[in-house]
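Trainee: Chains as they are written, first to last, in the numbering used here: chain A, -17 to 213; chain B, 975 to 1048.
Because the hints were derived from the structure by calculation, they are not lab data. One thing to keep in mind: the hints can contain errors.
Claimed, not checked - Pairs of lysine to any residue residues, derived as SDA-like cross-links and limited to a Cα-Cα distance of at most 20 Å, are as follows: (1) K109/A / K1038/B; (2) K1038/B / E133/A; (3) K116/A / F98/A; (4) K1045/B / I9/A; (5) K1038/B / I56/A; (6) K109/A / K1046/B; (7) K108/A / L38/A.
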Amino acid sequence: MEGGFGPKIVFEIAGIPITETVTNTWIIMALLILFSFVATRKFEYMPRGLQNFVELLVDGIYKLTAQTMGKDKIGFAPYIGTLLIYLVCANLAGLFALRPPTADVNTTMGLALITFFMIHFFGMKKKGVGKYLKGFLDPIPIMLPMNIISELATPISLSFRLFGNIVGGLIIMSLLYGGLAGLGAKIGLSMPIFQAAIPVPLHLYFDVFAGVLQSFIFSMLTMVFVSMAMD
Amino acid sequence: MSRDVPNIFKNLALLTHIGMIMMIPIFGAVYLGSLVDEKLGTNHIFLIVFIILGVGSGFLNVYKTIMKNIKKQK
């Protein structure tokens, strides 16, 4: 494939290249802002239509957070909900012919760093800075370098898993579309018949199944690590 | 949502995580060790030291994650 599988540069702002990742993130952000504005404009005591769906979603996220992190950490639900909804939309972007923003390691590393800082910030806040930092010397002080390396592995693991899954699916789908187009041209078909039907099951697996599952795993691990640091 | 569904996902997420947190420190250590050896011109000394650190921290990672979860589930 020409130019590789990396995100294309769409335009530049003051010499800073703006890639597809950034523009697609803007599109997803705009759609989510629009959705939240439309969904929360007219609330009624007896929910109807869209309000039912939104209440179900919010209630589900609050229940999930309470069950995973504990009722005392319910305050994290808005962040976890935002993360989950953004990741689901980003991973499903491939279905709408957009390059998923999570197919760029910068996006996933950014999200994983938020989790990393949350783990340490809330850990310190709950236990106190001294007691928290003393935990790095457990069980014996000589283990300090190993403890530091093991903490650094968390954001790398979080970001590489999500990035690897999404970019793997993207590359396989690009190769498949390229191969099917070549096959069609070889047979002499003027219409893209092969591309219309054959990739559907693979889209279902790589975009829908893997995308939603990975979003869930990322949010779940964020909840588990933050609550583990605080307990 | 059933009470067990978040638990299933939580364990599935940890299952995928444990493999990676064991592997990442070892790969990181090999990379860093060979980089330091190359820069300082030493003969694999740092590579060996870093591999020992990486393997140790990989083990520590898995041990800590599993023990914390066992304690939490009790």
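Trainee: Please go over all the hints and tell whether each is borne out by the structure.
Mentor: Structure-based check of each hint:
{"no.": "1", "hint": "K109/A / K1038/B", "result": "holds (18 Å)"}
{"no.": "2", "hint": "K1038/B / E133/A", "result": "holds (11 Å)"}
{"no.": "3", "hint": "K116/A / F98/A", "result": "holds (18 Å)"}
{"no.": "4", "hint": "K1045/B / I9/A", "result": "violated (43 Å)"}
{"no.": "5", "hint": "K1038/B / I56/A", "result": "violated (25 Å)"}
{"no.": "6", "hint": "K109/A / K1046/B", "result": "holds (17 Å)"}
{"no.": "7", "hint": "K108/A / L38/A", "result": "violated (31 Å)"}
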